[in-house]
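Q: Residues per chain, in single letters:
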Amino acid sequence: MKVLKIEEIVQGILDGNRRAVSRGISVVENDYDTAAARRIIREIFPHTGHAQIVGITGPPGIGKSTMIGNLSATLSKKGFRISVVAIDASSPFSGGSLLGNRIRMQESLSKYGVYMRSLANRGLNGGLSRSVWDTVKILDASGSDYIIVETVGAGQADLDIVNLADTVIVVLGPGLGDEIQAIKAGIMEIGHVFVINKMDRQGAFIAMKDIEETLAMSPKGEWKPPVIGVNSLNGEGYEAFIEKIQEHRSFVKSHSDLTMRKFRTELQRTILEELRRRFESDISHFLSDNEEIKQLVRDKIDPYSAAEKLVKKIA
Amino acid sequence: MDPGKNQSLFKDKPIKILLAKPGIDGHDRGILVLAKAFRDAGMEVIYVGLLPTPEEVVDTAINEDVDVVALSLLNGAHMTVFKKVADLMREKGVRDIAIVGGGTIPDADKPKLEKLGITGNYGPGTPIAEIINHITERAAEIRKLKATGE
Ligand SMILES: Nc1nc2c(ncn2[C@@H]2O[C@H](COP(=O)(O)OP(=O)(O)O)[C@@H](O)[C@H]2O)c(=O)[nH]1
Ligand SMILES: [Mg+2]
Numbered sequence: 324m325k326v327l328k329i330e331e332i333v334q335g336i337l338d339g340n341r342r343a344v345s346r347g348i349s350v351v352e353n354d355y356d357t358a359a360a361r362r363i364i365r366e367i368f369p370h371t372g373h374a375q376i377v378g379i380t381g382p383p384g385i386g387k388s389t390m391i392g393n394l395s396a397t398l399s400k401k402g403f404r405i406s407v408v409a410i411d412a413s414s415p416f417s418g419g420s421l422l423g424n425r426i427r428m429q430e431s432l433s434k435y436g437v438y439m440r441s442l443a444n445r446g447l448n449g450g451l452s453r454s455v456w457d458t459v460k461i462l463d464a465s466g467s468d469y470i471i472v473e474t475v476g477a478g479q480a481d482l483d484i485v486n487l488a489d490t491v492i493v494v495l496g497p498g499l500g501d502e503i504q505a506i507k508a509g510i511m512e513i514g515h516v517f518v519i520n521k522m523d524r525q526g527a528f529i530a531m532k533d534i535e536e537t538l539a540m541s542p543k544g545e546w547k548p549p550v551i552g553v554n555s556l557n558g559e560g561y562e563a564f565i566e567k568i569q570e571h572r573s574f575v576k577s578h579s580d581l582t583m584r585k586f587r588t589e590l591q592r593t594i595l596e597e598l599r600r601r602f603e604s605d606i607s608h609f610l611s612d613n614e615e616i617k618q619l620v621r622d623k624i625d626p627y628s629a630a631e632k633l634v635k636k637i638a
Numbered sequence: 002m003d004p005g006k007n008q009s010l011f012k013d014k015p016i017k018i019l020l021a022k023p024g025i026d027g028h029d030r031g032i033l034v035l036a037k038a039f040r041d042a043g044m045e046v047i048y049v050g051l052l053p054t055p056e057e058v059v060d061t062a063i064n065e066d067v068d069v070v071a072l073s074l075l076n077g078a079h080m081t082v083f084k085k086v087a088d089l090m091r092e093k094g095v096r097d098i099a100i101v102g103g104g105t106i107p108d109a110d111k112p113k114l115e116k117l118g119i120t121g122n123y124g125p126g127t128p129i130a131e132i133i134n135h136i137t138e139r140a141a142e143i144r145k146l147k148a149t150g151e
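Protein chains in written order, with this note's numbering: chain C, 324 to 638; chain D, 2 to 151.
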């Protein structure tokens, strides 16, 4: 295979070809605002919608990657096609990143031939990367039954996953100390399944009770988030865990308003981005015009009025 | 960000590199030191610890669509293991991932590795800046290849 052309990438994605899937993801990651990236997404989009996107979030070190290794193995054994995306933070200083989530799942990935991709967040806040939205579309169109997404793992800040995933798994465990209160403040509302990992450790049952009590006090929707204890070192609790994931899949499938809500949120973000892109050069052109700025300063025009005037002119 | 660290070619598109130590001898802290140095040079580094087989190295490189695979071996098996990685890449038709080597490699083996397309082949104690420069050059070739087909 030589260097891949866009039509080969598209066809390859639909055929489930790994090289094409990988290259497609690189295109949407590195060249996301180009015609090539848009063409890929446009052409594969009609083939998306089958996969269940399962987000895994929780504080660092709680066992998310280990858990994904187990989930990949168990779900693969049941005959499902699994893909994994794991996101790590980029260094704000160098722009580089150490993508280390693979270590904890490599054995299962190799054994069951699971596709896994590591992404750096490239400075995006919220626990995801810009590219993950298109990455899951590519993996969906390539025939995945489940796409498991690991968030950066900054605890209470990792809330964007609720807009991306059909099913959000919040992983907590013993030994989080006072930190747990801060983490809970953000993530109690976004979880569809709460998992207490490291049930082999002291304090696990207390952590479980704590989460159950917090949930009991939360406002109730139609879906009641369960709390499941697991031990990711020996696989205990995984059958019940996977049952809950599948139950939530059925719940989502029977509630079309959830799909609409997801699409609406993504559309909103995309429109805002499109607007910004459209007017970016006008705005920076205006901002770099020294004469304009000098005049605004001299006339003591407040920033709101100045901005309104500019927007009127360009929009 | 330090000026010049992220040259324009790699601006917003950092070099993606897989650091692999094929085999099962797990006593090499050196590779984590390298991983961090590469990150600090602005690269996105896939760090997997051990990847036991050349097949796993190649599959991981393809799935992650890296620009460069950096192979490191200290046990003297490079002529078989590095070669196997290069052969598998060729068999799978992958020519847009660069392979660089490192470890305890006798000078006599280096031209043979180069012939297989495995460059660098730095020994322990090589200044990291030299390794990073080499990787950046190879990544630039690969990016050009991906963009233009040549
Ligand atoms: N005792 C115990 N350790 C676990 C369990 N699950 C994961 N770990 C360990 O927790 C550490 C962090 O795991 P990792 O999956 O990398 O966490 P992540 O940062 O949330 O992705 C590793 O050393 C795992 O072996 C568990 O159920 N019990
Ligand atoms: Mg992890």
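In short, the hints are calculated from the structure, not lab data.
These numbers come from a predicted model, not from an experiment.
Please note: incorrect hints may appear among the correct ones.
[Claimed, not checked] Simulated restraints on C-beta separations:
id	chain 1	residue 1	chain 2	residue 2	range
1	C	E597	D	K37	52 to 58 Å
2	C	G544	D	A148	45 to 51 Å
3	D	G77	C	D354	39 to 45 Å
4	D	E92	C	G466	22 to 28 Å
5	D	A148	C	Q504	46 to 52 Å
6	D	A141	C	T582	42 to 48 Å
7	C	K401	D	G77	42 to 48 Å
Here a beta-carbon is modelled for each residue, glycine too, at the ideal position from N, C-alpha and C.
Q: Decide, hint by hint, whether the structure agrees.
A: Taking the hints in turn, this is what the structure says about them:
{"no.": "1", "hint": "C:E597 / D:K37: 52 to 58 Å", "result": "violated (38 Å)"}
{"no.": "2", "hint": "C:G544 / D:A148: 45 to 51 Å", "result": "holds (49 Å)"}
{"no.": "3", "hint": "D:G77 / C:D354: 39 to 45 Å", "result": "holds (42 Å)"}
{"no.": "4", "hint": "D:E92 / C:G466: 22 to 28 Å", "result": "holds (24 Å)"}
{"no.": "5", "hint": "D:A148 / C:Q504: 46 to 52 Å", "result": "holds (50 Å)"}
{"no.": "6", "hint": "D:A141 / C:T582: 42 to 48 Å", "result": "holds (43 Å)"}
{"no.": "7", "hint": "C:K401 / D:G77: 42 to 48 Å", "result": "holds (43 Å)"}
In summary, the structure is inconsistent with hint 1 from the numbered list given earlier, while agreeing with all the others.
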